[in-house]
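J.: Make the full structure from the sequences, and use the hints.
Per full-length UniProt numbering, the sequence shown starts with residue 1, numbered consecutively.
If you're looking for bench data, these hints aren't it; they were derived computationally from the structure.
Please read these numbers as outputs of a predicted model, since none were measured by experiment.
Backbone N, C-alpha and C define an ideal beta-carbon position, used for all residues, glycine too.
Treat the hints with care, as some may be off.
Claimed, not checked - Straight-line alpha carbon distances no greater than 25 Å define the calculated SDA-like cross-link-like pairs of lysine to any residue that follow: (1) Lys155 <-> Thr138; (2) Lys82 <-> Leu11; (3) Lys82 <-> Thr138; (4) Lys155 <-> Gln107; (5) Lys82 <-> Leu151; (6) Lys155 <-> Asn83; (7) Lys155 <-> Asp80; (8) Lys82 <-> Ala152; (9) Lys82 <-> Pro116; (10) Lys155 <-> Asp129; (11) Lys82 <-> Arg153; (12) Lys82 <-> Ala69; (13) Lys82 <-> Glu134; (14) Lys82 <-> Gln43; (15) Lys155 <-> Ala30; (16) Lys82 <-> Gly33; (17) Lys155 <-> Gln43; (18) Lys155 <-> Arg81; (19) Lys82 <-> Ser34; (20) Lys155 <-> Pro116; (21) Lys155 <-> Glu118.
To be verified - Between beta-carbon pairs, the in silico distance windows are: (22) Leu88 <-> Ser52: 29 to 35 Å; (23) Gln55 <-> Asp80: 17 to 23 Å; (24) Pro53 <-> Glu159: 39 to 45 Å; (25) Asp117 <-> Gln43: 20 to 26 Å; (26) Lys82 <-> His23: 38 to 44 Å.
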Amino acid sequence: MVASVPVQGALDVERLYRAHGHHVLRRARALLGSEEESRDVLQEVFLSLVQSPGQFEHRSSPATWLYSATTHRCLNRIRDRKNRARLLGSGAPPADVGAPRAEQTVQAARLLAELPDELAQAAIYHYIDESTHEEIATIMGCSRRHVGDLLARVKRWAEALEAPEAPGAPEAPLKRPV
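T.: Structure representation (structure tokens):
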């Protein structure tokens, strides 16, 4: 995202929207792959600031907060997709996912839907955004060492999901590797 927009006291949401709206939309598109859902996320992120400006606590720049809020909302939508597909009995990829990337997209969405929020965020920042451990630590408000630990857990989780299940193997260890 671009340099942060200085905000004195109250948030100027309209100014933030003009300065960062296209970044929020691009971020949502990259994570969701759906134009319609991406536009919904854009509206949700800025509407939440209008309705509850106190959620931005000025601990980071507005750009960093918007980036994190967008990622979080997209993760929620990915999880919602998984739950809808499970309830409807469909394992098919969303209709708007292109055929060449469909399998990888479905695998990534499956992993992100299974991961706890903190692990999913670290995975997105590292593997999709190609952020460094230091950049991720800044965005997530934690140490670089913690980021390394999170990414190691993500890797173990992904390996557990990819491993063929042994007959009669319990499902629980695949759900929450440590």
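J.: Output the indices of the hints that this structure fails to meet, ascending.
T.: Hints 2, 3, 13, 17 and 26 contradicted; others consistent.
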